[in-house]
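Undergrad: The chain contents come next:
Protein chains: 2
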Amino acid sequence: MESEYSSAALENAVAAFSRLPGIGRKTGLRLALHLLRRPVEDAESIGQAIIDLRRNIRYCRVCHNISEDEVCPVCSSPGRSSATVCVVETVRDVMSIEATGQYNGLYHVLGGVISPIDGVGPDQLELSSLAERVAEDNGIEEVILATSPTIEGDTTNYYISRLLSRLPRKVRLTQLARGVAVGNDIEYTDEATLARSILYRTPFEI
Amino acid sequence: MESEYSSAALENAVAAFSRLPGIGRKTGLRLALHLLRRPVEDAESIGQAIIDLRRNIRYCRVCHNISEDEVCPVCSSPGRSSATVCVVETVRDVMSIEATGQYNGLYHVLGGVISPIDGVGPDQLELSSLAERVAEDNGIEEVILATSPTIEGDTTNYYISRLLSRLPRKVRLTQLARGVAVGNDIEYTDEATLARSILYRTPFEI
Numbered sequence: 001m002e003s004e005y006s007s008a009a010l011e012n013a014v015a016a017f018s019r020l021p022g023i024g025r026k027t028g029l030r031l032a033l034h035l036l037r038r039p040v041e042d043a044e045s046i047g048q049a050i051i052d053l054r055r056n057i058r059y060c061r062v063c064h065n066i067s068e069d070e071v072c073p074v075c076s077s078p079g080r081s082s083a084t085v086c087v088v089e090t091v092r093d094v095m096s097i098e099a100t101g102q103y104n105g106l107y108h109v110l111g112g113v114i115s116p117i118d119g120v121g122p123d124q125l126e127l128s129s130l131a132e133r134v135a136e137d138n139g140i141e142e143v144i145l146a147t148s149p150t151i152e153g154d155t156t157n158y159y160i161s162r163l164l165s166r167l168p169r170k171v172r173l174t175q176l177a178r179g180v181a182v183g184n185d186i187e188y189t190d191e192a193t194l195a196r197s198i199l200y201r202t203p204f205e206i
Numbered sequence: 001m002e003s004e005y006s007s008a009a010l011e012n013a014v015a016a017f018s019r020l021p022g023i024g025r026k027t028g029l030r031l032a033l034h035l036l037r038r039p040v041e042d043a044e045s046i047g048q049a050i051i052d053l054r055r056n057i058r059y060c061r062v063c064h065n066i067s068e069d070e071v072c073p074v075c076s077s078p079g080r081s082s083a084t085v086c087v088v089e090t091v092r093d094v095m096s097i098e099a100t101g102q103y104n105g106l107y108h109v110l111g112g113v114i115s116p117i118d119g120v121g122p123d124q125l126e127l128s129s130l131a132e133r134v135a136e137d138n139g140i141e142e143v144i145l146a147t148s149p150t151i152e153g154d155t156t157n158y159y160i161s162r163l164l165s166r167l168p169r170k171v172r173l174t175q176l177a178r179g180v181a182v183g184n185d186i187e188y189t190d191e192a193t194l195a196r197s198i199l200y201r202t203p204f205e206i
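Chains G and A supply the protein sequences, listed in that same order.
Taking my numbering, I'd label the letters of the first sequence as residues 1 to 206.
Taking my numbering, I'd label the letters of the second sequence as residues 1 to 206.
No lab work stands behind these hints, which were simulated from the structure alone.
Just to be clear, a hint being listed does not mean it is correct.
Facing chain A, a subset of chain G residues (Cβ under 10 Å, in silico) [as the list claims (entries may be wrong)]:
| no. | residue |
| --- | --- |
| 1 | L10 |
| 2 | I46 |
| 3 | E89 |
| 4 | I97 |
Here a beta-carbon is modelled for each residue, glycine too, at the ideal position from N, C-alpha and C.
Just chain G, with the same shape it has in the complex (with noise of 0.2 Å):
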């Protein structure tokens, strides 16, 4: 088939841009004519800084959170607290409690949930290197599950409680508090989670 457009360059940066999710091949050709509009230089640094994003970043070898190093700075920090653990789903969910600024633990990123549906089974994600953290002791005292309140989530959830308590090393497991969203009308607030927010009423506070 002949290239819908008269340039190959064009042709392949429309494909490469049409590669990423959520972009198709008009607003590839969108973004291809707008960096054509800018300076040379403009192109090249986006397209440089692509290629060492997939060159430079790695695992961390402990976490598993996106990392330039073996071992990703939030593991690498002594001003951490090595003592809790909090388990997350993905690499962004650690953005996001870092976001808070609440938390001073380290994190285990299992690359995703329990999910039958999507063939995803317990062996695709990092709990195995999560039970070894435990038994390997590490100073470890608390593992808070922080995965996705969903049922994928808590399957996640009942599983890994599973496999710690299988360990002969006992530690605390928490999970993140569910109930009323900050901001949000009672009277939109489901009825599941207005429930929990009912059983597990905590003490007023100013």
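Following the hints, position chain A against chain G.
TA: Chain A in isolation, oriented as in the chain G frame:
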């Protein structure tokens, strides 16, 4: 300011994506994390395609369409008629007209339209080069004005008609037919277009 992400490579990639139109930092992060989950070759080929795009594409010396050579494939094609030159605003308009398969002449890409509000005057557009092309003969017999049917487009058309009328060589000046769009309801067609479509009605064809 400290970087928002723990990795400089990620920060650079998100910043690079954010420089593209319609892509903010959130989408940029989503694209970067997507690339991190793909094989390294994916990011390298996408990055390289963006670099090559800007390095390999320039503008045709004759018609100012995008081209990988000094003269674009349309201008250098022996199969295209040099008797007609279709004046368009942008490279995308060339693509749109080429996609119809109904035009076998040459093009002239203005690079925009005269728009005092946006600070675009005749000197920023490829207008004098159009006059030169016609003045030098080049076998041109007809100039088709195919700018958008807007005030700016009409102003530009008027400017071109004055420009070409001053040349010793006379060419036929035509414009795209305006009327009811194919597939559109008469009910939803604006009055100006409907008025024109009655005034310039054409013989009925089966």
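Undergrad: Which numbered conditions among the earlier hints are violated in the structure presented, ordered from lowest to highest?
TA: 3, 4
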